[in-house]
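Whole structure, please, built from the sequences with the hints as guidance.
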Amino acid sequence: MQITRQADYALRAIYYLAQLGPNQRAATSEIAEQQNIPPSFLAKIISQLSIAGLIHTSRGARGGVSLAKPPHEITVLEVVEAIDGPIMLNECTQSPDACPFGENCALRPLWCDAKSELVERLRRATFANVAATSAAG
1 MQITRQADYA LRAIYYLAQL GPNQRAATSE IAEQQNIPPS FLAKIISQLS
51 IAGLIHTSRG ARGGVSLAKP PHEITVLEVV EAIDGPIMLN ECTQSPDACP
101 FGENCALRPL WCDAKSELVE RLRRATFANV AATSAAG
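If you read the sequence shown in our numbering, its first letter stands for residue 1, the second for the next number, and so on.
No wet-lab data here; the hints were simulated from the structure.
Cβ coordinates follow ideal geometry from the N, Cα and C atoms, glycine included.
One thing to keep in mind: the hints can contain errors.
Computed Cβ-Cβ distance ranges for the label pairs, DEER-style [unchecked claim]:
1. Leu110 with Ile3: 13 to 23 Å
2. Asn23 with Ala132: 37 to 47 Å
3. Pro22 with Leu110: 37 to 47 Å
So, in structure tokens, the structure goes:
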């Protein structure tokens, strides 16, 4: 599994916002510069994150982007899925009918277990955890 570049940029943007103080805003140009994200690409990402309810955006002189909830309530899984959709290691994990062997496929349990473990790990990884790990390292 490889997340898209767009999801990677979204994770970087949320991480940057998580490092700001509560209710602090950042201009998209600041996020783009600090996280090495092309500004035009970031605009689309910001829109998707806003629709997903992960960030708030406001225009004007005092505008900018801020987290919609505290960093400990935002998971890596939420951000990835907001951009890339549900995580799938193999299409059979969503639908056994996608495989000619269906429920009798010897590899399907492996794919399903691996997907479950990855999803759970990303669900447990909040941006408060990520920021704390980064500060400690």
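Checked hints:
no., hint, verdict
1, Leu110 with Ile3: 13 to 23 Å, "holds, 21 Å"
2, Asn23 with Ala132: 37 to 47 Å, "violated, 20 Å"
3, Pro22 with Leu110: 37 to 47 Å, "holds, 43 Å"
Taken one by one, the earlier hints fail for this structure only at number 2.
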